[in-house]
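There are 2 protein chains.
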Amino acid sequence: MTSRPDRLIVDCLQYCNYSEAVFRQLHAGGVAAIHVTIAYHEDFRETIANVVRWNGWFERFGDLIFPGRQAEDVRRAHAEGRTAVFFGLQNCFPIEDDIGLVEICHTLGVRFMQLSYNNQSLLATGCYEANDAGITRMGREVIREMNRLGMVIDMSHSGDRSTLDAIEMSARPIAITHANPRSWHPVVRNKPEEVLRSLAASGGMLGFSLYPLHLRGSSACSLEDFCAMVARTADLIGVAALGLGTDLCQNQPDAVVQWMRRGSWTRGAPDPSVVFPAQPTWFRSNLDFGNIATGLSAVGFSEAEVDAIVGLNWLRFLTTSFGPPVLHP
Amino acid sequence: MTSRPDRLIVDCLQYCNYSEAVFRQLHAGGVAAIHVTIAYHEDFRETIANVVRWNGWFERFGDLIFPGRQAEDVRRAHAEGRTAVFFGLQNCFPIEDDIGLVEICHTLGVRFMQLSYNNQSLLATGCYEANDAGITRMGREVIREMNRLGMVIDMSHSGDRSTLDAIEMSARPIAITHANPRSWHPVVRNKPEEVLRSLAASGGMLGFSLYPLHLRGSSACSLEDFCAMVARTADLIGVAALGLGTDLCQNQPDAVVQWMRRGSWTRGAPDPSVVFPAQPTWFRSNLDFGNIATGLSAVGFSEAEVDAIVGLNWLRFLTTSFGPPVLHP
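Respectively, the protein sequence lines represent chains R and H.
Read left to right, the first sequence gives residues 0 to 328 (numbering that gives the first Met the number 0).
Read left to right, the second sequence gives residues 0 to 328 (numbering that gives the first Met the number 0).
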């Protein structure tokens, strides 16, 4: 691989089945920071149990990982050859109907929250609902609270109208941590041009997903096609809005993807065809970010642009996102 | 009052009905730090609700109070004319039967936990039980975890054997944040000489209580008698182990003391005589620490000793208590 080993890499969405082996891959792959999902369908107490599990890993594997709290932690991790781990929620169940829990979660290290996950939530509409009525009354309040605290609003699994609403309502730029342009691969989880333009115009970030269902050709998607898509997105909304959010679910059993889809909201029969698809051969683990960097260079990005896309853009975004409170006028 | 206005005051146990008025009294009284109880009988989720309430106060009254996390916050509060608020639990219900919740509570600002409150707990025996079998199996584990994190073990409401066990088992000095010598006023909540000697010999701290039921003569206890008792305790175990933990419950309705005693563990009829007793006239609020300082001078303590008892001893103790992890060999 031709990628420079000192490149600062940030992956702004992962949900691996973490273990010492994965932490060692993060180290070997030179990944300075990851945003990890600690809850999908969990309530507050269940989310706390997941934080407890991570606390145990931080204690046992402190030579490899540490809890990320501020953007400076990304630089520190890079300098120390460790990985800063920022927590995120893919849905708002952990805050129940209690806005005070946003600050509690923030104090415990949560730095990202999706306002909805596929379905309607108390805050916003999910991308699989037939109708999207936009951000709710409580959603407006929670956006203000997230802005105050410095918790990133993530609309990856939300509907388009809700996403446009959130971009407009939020006093800080927001993120779509893991999705691709719908024009490249037309699935509802990918995002239309209108959303991408609005996101970038407001200073927000798009993390490109490597989850096969978000890729043209799925598992067979080529590195070249993926990187050409990144280049076209750069032409559309600029390089500064682009990063990676791989959605890597390494080592997860298929029961997990069934649970992601179904939670406990349906009594319908599970779809046996729902399994984790194979990753593209050029991105199977945290060892493979160099392949993406190489591919981006090959489609014409400069070294500085590659650095930006694989890490420095997220670092810039997190610096302002986690910084001092931004209050609504 | 003859007390120096620049004296650094620490009150290591309060459970007032907090409000802007009380926060202004803390400011006017020059109180640099308080340890406040945020749970007696509350479970984890209920304790979180109490943290949320405090977070709201920190936001609204940031000119008067802020969340204390480290011992340095006491000095900072003193310099800024504000009050650092350290959270404490009077019982271990908030950690349920889950040792991982100790770290969660610590991250949220909890810096003190009593291992039991009057009754038997999962960790230790309370002072009103007929038989005290000492620290339990889980109690040993939680002591180690509190030692690791830097959370103070408080045995104010525990039985004597459990207290002696905790002093011996803990790798860090422990505290009895609010009690007096039993020899002065023989109630079960006050502590026998054996406990006080062992506490001080291990570097622990005793916070003198101003709760009338812990005072000889109750509400009628004189400042002179109280301060003479402090002097005798200094003769017994040294000045360095002495501080204040007033147990001030200002503005609390009597329903609260009924609830403190009864929680939800008994179906017996409430005792209508259980009400908050009147405070001694010389200690009714956070404005009155100067009276205690004056009284301590009057019984012969030097200025430096008065400074130590009303604040600097706790500051020294907290510096080591909250410092880097102390692990058991």
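Derived by calculation from the structure, the hints in this document are not laboratory data.
Bear in mind the structure is a predicted one, so any value in this text is a computation, not a measurement.
Watch out, some of these pointers could steer you wrong.
What the hints assert, rightly or not - Just a sample of chain R residues kept apart from chain H, beta carbon distances all over 10 angstroms, derived: (1) L100; (2) A277; (3) T318.
What the hints assert, rightly or not - Computed, partial: chain H to chain R, Cβ under 10 angstroms: (4) I47; (5) V50; (6) R59; (7) L63; (8) D97; (9) E102; (10) G108; (11) R266; (12) A268.
Beta carbons: idealized from backbone N, C-alpha and C, even for Gly.
### Message
Quick check on H/L63 please, does its C-beta sit within 10 angstroms of some C-beta on chain R?
### Response
violated, 19 angstroms
### Query
Just checking, R/A277 versus chain H, shortest CB gap more than 10 angstroms?
holds, 35 angstroms
### Task
May I ask you to check that R/T318 keeps its beta-carbon over 10 angstroms from the closest beta-carbon of chain H?
holds, 23 angstroms
#### Entry: chain R contact restraint on H/R266 - CB to CB distance below 10 angstroms
violated, 28 angstroms
### Message
Hint H/A268 vs chain R: min CB-CB distance below 10 angstroms?
### Response
violated, 34 angstroms
### Message
Is the interface hint satisfied for H/I47? The criterion is a beta-carbon contact with chain R at less than 10 angstroms.
### Response
holds, 6 angstroms
### Query
With 10 angstroms as the cut and Cβ atoms as the points, is H/D97 at the interface with chain R?
holds, 7 angstroms
### Task
With 10 angstroms as the threshold, tell me whether R/L100 passes as away from chain H on beta-carbon distances.
R/L100 not clear of chain H: closest Cβ-Cβ about 7 angstroms, inside 10 angstroms.
### Query
If you take the shortest Cβ to Cβ gap from H/V50 to chain R, is it below 10 angstroms?
H/V50 check passes; min Cβ-Cβ to chain R is 6 angstroms, inside 10 angstroms.
### Residue hint H/G108, partner chain R, criterion CB-CB below 10 angstroms
holds, 8 angstroms
### Message
Given H/R59 as an interface hint, is its Cβ closer than 10 angstroms to any Cβ of chain R?
### Response
Result: violated, 13 angstroms to nearest chain R Cβ.
### Task
Verify the interface restraint on H/E102: the C-beta must sit less than 10 angstroms from at least one C-beta of chain R.
holds, 5 angstroms
Hint check: violations occur at hints 1, 6, 7, 11, 12; the rest are consistent with the structure.
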